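> Sequence:
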Amino acid sequence: MSQLSPFHLAIPVDNIEKCRNFYTNILNFEEGRSSDHWVDYNFFGHQLVIHYKAKVEDDSHTNPVDGKDVPVPHFGVVLPWESFHKFADLIKSKGIEFIIEPYIRFEGQVGEQATMFFKDPSGNALEFKAFKDKSQLFAK
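Going by the working numbering, the sequence shown opens with residue 177, and the numbers climb by one from there.
Accuracy of the hints is not assured; some may be wrong.
[Said to hold, decoys possible] Below, in silico cross-link-like pairs of lysine-lysine (DSBU-like), each with a Cα-Cα straight-line distance of 30 Å or less:
#, residue 1, residue 2
1, Lys-244, Lys-268
2, Lys-270, Lys-316
3, Lys-308, Lys-231
4, Lys-270, Lys-310
5, Lys-305, Lys-268
6, Lys-194, Lys-270
[To be verified] Pair by pair, the computed Cβ-Cβ distance ranges are:
#, residue 1, residue 2, range
7, Asn-191, Phe-282, 21 to 27 Å
8, Lys-316, Thr-238, 22 to 28 Å
9, Gln-312, Ala-186, 27 to 33 Å
10, Lys-316, Ser-181, 24 to 30 Å
Read the hints as simulated data drawn from the structure, not as lab findings. Nothing here was measured: the structure is a model prediction, and the numbers come from that model. From the three backbone atoms N, C-alpha and C, an ideal C-beta is built for every residue, glycine too.
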């Protein structure tokens with residue numbers, strides 16, 4: 177497979193300033209262009225845009241994966257193994273409440289990976305994961 181181009185992801189947030197603080201000062205993402213209603217971020221080389229949208233009723237849902245309740249929907253990125261662990265340490269140091277604390281999913285099985293889940297201030301679920309062996313990303 178050839179090198180993938182960066183992706184673009186836009187997500188709704190109900191409070192631009194709270195989420196701007198979270199993505200800028202908690203996650204340490206570099207801010208790009210912005211307006212009163214949206215902010216661009218460098219999301220590990222990809223473009224993440226937070227867009228204002230008024231809050232609607234909570235529609236939380238989870239699916240069981242490896243004995244954990246995985247929030248649906250969620251988004252995230254696959255990081256290099258070492259970067260994942262450094263990022264996990266950063267998140268822990270900032271006192272972020274995890275939905276699923278960093279752990280090794282499918283340990284000793286096909287698709288073994290490090291993963292963690294947490295939410296931004298608007299309730300968007302984020303997953304970050306890493307594979308020691310990148311060939312396991314799509315392994316069956």
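> Hint by hint, note whether the structure agrees.
Verification of the supplied hints:
1. Between the alpha carbons of Lys-244 and Lys-268 the distance comes to roughly 19 Å, so the proposed pair stays at or under 30 Å and holds.
2. Of the pairs offered as hints, the one joining Lys-270 and Lys-316 is violated, with about 36 Å between alpha carbons and a cut-off of 30 Å exceeded.
3. Simply put, Lys-308 and Lys-231 have alpha-carbon atoms about 38 Å apart, too far for the 30 Å limit, and the pair is violated.
4. Distance check on the hinted pair: Lys-270 and Lys-310 sit about 28 Å apart at the alpha-carbon level, within 30 Å; holds.
5. Simply put, Lys-305 and Lys-268 have alpha-carbon atoms about 15 Å apart, close enough for the 30 Å limit, and the pair holds.
6. For the given pair, Lys-194 sits about 15 Å from Lys-270 by alpha-carbon distance, which is consistent with the 30 Å threshold.
7. Range check, Asn-191 to Phe-282: Cβ separation about 36 Å, and the 21 to 27 Å hint is violated.
8. Checking the proposed 22 to 28 Å range against Lys-316 and Thr-238 shows it holds: the Cβ atoms sit about 24 Å from each other.
9. For Gln-312 and Ala-186, the hinted distance range of 27 to 33 Å is satisfied, since their beta carbons lie about 29 Å from each other.
10. In this structure the hint that Lys-316 and Ser-181 lie 24 to 30 Å apart at CB holds, the actual value being about 26 Å.
Taken one by one, the earlier hints fail for this structure at numbers 2, 3, 7, listed in ascending order.
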